[in-house]
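*Asks:* Chain by chain, the residues run as shown.
Number of protein chains: 2
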Amino acid sequence: MTQRQRLGYLGPVGTYSEEAAQRYAQWQQGEPIDLVPFSTIAGCLEALAIAQLDLALVPSENSVEGSVNSTLDSLWRLDKLHIQYAFDLPILHAFVAQTPRLEEIRTVYSHPQALGQCQRWLQHMLPHAQQCPVASTADGLQYVAQSATVGAIASVRAAQLHQLPIVATNIQDLADNCTRFWVVSRQQGNGWPTTSSTHTSIAFSLKANQPGALLKVLQLFSDRQINLSRIESRPSKRALGDYLFFVDLEVNGQPAIVAECLEALTAVTDVLKIFGSYQFLPLGAS
Amino acid sequence: MTQRQRLGYLGPVGTYSEEAAQRYAQWQQGEPIDLVPFSTIAGCLEALAIAQLDLALVPSENSVEGSVNSTLDSLWRLDKLHIQYAFDLPILHAFVAQTPRLEEIRTVYSHPQALGQCQRWLQHMLPHAQQCPVASTADGLQYVAQSATVGAIASVRAAQLHQLPIVATNIQDLADNCTRFWVVSRQQGNGWPTTSSTHTSIAFSLKANQPGALLKVLQLFSDRQINLSRIESRPSKRALGDYLFFVDLEVNGQPAIVAECLEALTAVTDVLKIFGSYQFLPLGAS
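Chains A and B, in that order, give the protein sequences. Just so we're aligned: 35 in full-length UniProt numbering is position 35 of the first sequence, and the numbers increase by one with no gaps anywhere. Just so we're aligned: 205 in full-length UniProt numbering is position 205 of the second sequence, and the numbers increase by one with no gaps anywhere.
Simulated from the structure, these hints should not be mistaken for lab results. These numbers were taken from a predicted model, which means no experiment stands behind them. A portion of the hints provided could be inaccurate.
Said to hold, decoys possible - To give an idea of the chain A side of the interface with chain B (calculated C-beta under 8 Å), a few residues:
{"hint": "1", "residue": "31"}
{"hint": "2", "residue": "66"}
{"hint": "3", "residue": "112"}
{"hint": "4", "residue": "113"}
{"hint": "5", "residue": "132"}
{"hint": "6", "residue": "134"}
{"hint": "7", "residue": "142"}
{"hint": "8", "residue": "145"}
{"hint": "9", "residue": "146"}
{"hint": "10", "residue": "147"}
{"hint": "11", "residue": "214"}
{"hint": "12", "residue": "231"}
{"hint": "13", "residue": "233"}
{"hint": "14", "residue": "234"}
No residue lacks a Cβ here, since even glycine has one placed at the ideal position from N, Cα and C.
Could you put together the complete structure from these sequences and hints?
*Replies:* Structure below.
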């Protein structure tokens, strides 16, 4: 008997993460997968690190709101995880409320990223409503059920699951708003790219806060014509002005060149962590 | 009769931003200043851009949670504002609740940045409590007044203003947790450094998403021995993988060199915005 795989995601049911998890499970047709909701991204990745899960599906970056800090910080801290796959999910937000009369709406609940992705619509259509961040887009819908002066931003699917009226669709500021998700497992091997890898994600700190320290690192990529599809700085949590850098490299059919570059990087970085090499799955199109 | 200056900040009364605004107003002893609370950073900077305010005081970066995205995004978008001063405020968080018995606490309310800055304490002391983000640290205190099973993370001063019991102090993960604030005014001049400037803040987009584009920019700084005290990437909001870069330069007594570098930058960037040159005020020590 095959043991069922356990895949953790940021719940509850009705979040975009759950939609992404469903798509990944459908793609893995052969193997049965149990989807396990978590209330935080950090909690989900920690459960994976101590083998309570086989896989975790976490958001890494949104086209409007940028990197998902808790994913990057957890991968740096936990040190035992590797990215296996990536895919982009289109994020189409709907406005959900009991009444279609927007002038009666006093408060709008949603996840901070979703509120950020709909700022122009909110400022234009609901300039006087208070914006209240909650832990997930699905959580915001609970408030809609309780009061006629409350609205929420969530997916069409989540509104349908909660049997709540959809007042407007596609309210996100950017037409092609999408979120990149990573499928993460426990570490296997060194995370260096193979012939099937399209990207390698790494993070590093620099040896000293000196002019040109980051330049030396970028020079290594440039010398080898390696393109960066993301570069992101985050505070090292030691002091203001001290940073970690998170970089996604394009492998571009040359895994040996990227592997050689990763070796060269150890000489010009302080701590270097390989988050894994992976390919993009075509799961985004609906 | 002198007209009173109007300084906007992220309210309500009792936030760290209000504490920073109070310190700035005390430092500006001579001139009377009215402090005007706003419910969002974007709203505060927009009011300044259309001359409803004379100054805005906004958080720019925290030593644990990193850049304040809405400040960076608003400065890029509004295009008419200049940073006048900067200073660092120590951020010492307290846990506020009606009961000292932590095992009775079910929910903890605070601003997402404050929750992020106390993750280790929360995971150790309140592992089963739900963490609820709210719009400001002061807002979270309202829930404490309403229920004995609720806690909030806020400043000692805010707890005292609301006459609520302080259960624990200094619960932030990093002992020297601090937030950098910027005092912003409408644009005057070109924002280039003068002999009194210690820092210049800029933002830019690159001409194409090609290997080495960022490298060329960093090479300009390195050639001139200009140190970067911050480098931050944010999505351009056009597509995944397309970035803006926010950089703080140390002027280091050489304003002419930095000014010449800013001119050279126009050739290697797509859009370049000068957020202003300024000095640090010694307002941080209590």
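*Asks:* Hint by hint, note whether the structure agrees.
*Replies:* To see whether the hints hold, each was checked on the structure:
no., hint, result
1, 31, "29 Å, violated"
2, 66, "5 Å, holds"
3, 112, "6 Å, holds"
4, 113, "10 Å, violated"
5, 132, "7 Å, holds"
6, 134, "7 Å, holds"
7, 142, "12 Å, violated"
8, 145, "18 Å, violated"
9, 146, "16 Å, violated"
10, 147, "17 Å, violated"
11, 214, "6 Å, holds"
12, 231, "5 Å, holds"
13, 233, "5 Å, holds"
14, 234, "5 Å, holds"
Hints 1, 4, 7, 8, 9, 10 from the list above are not met by this structure, while the remaining hints are.
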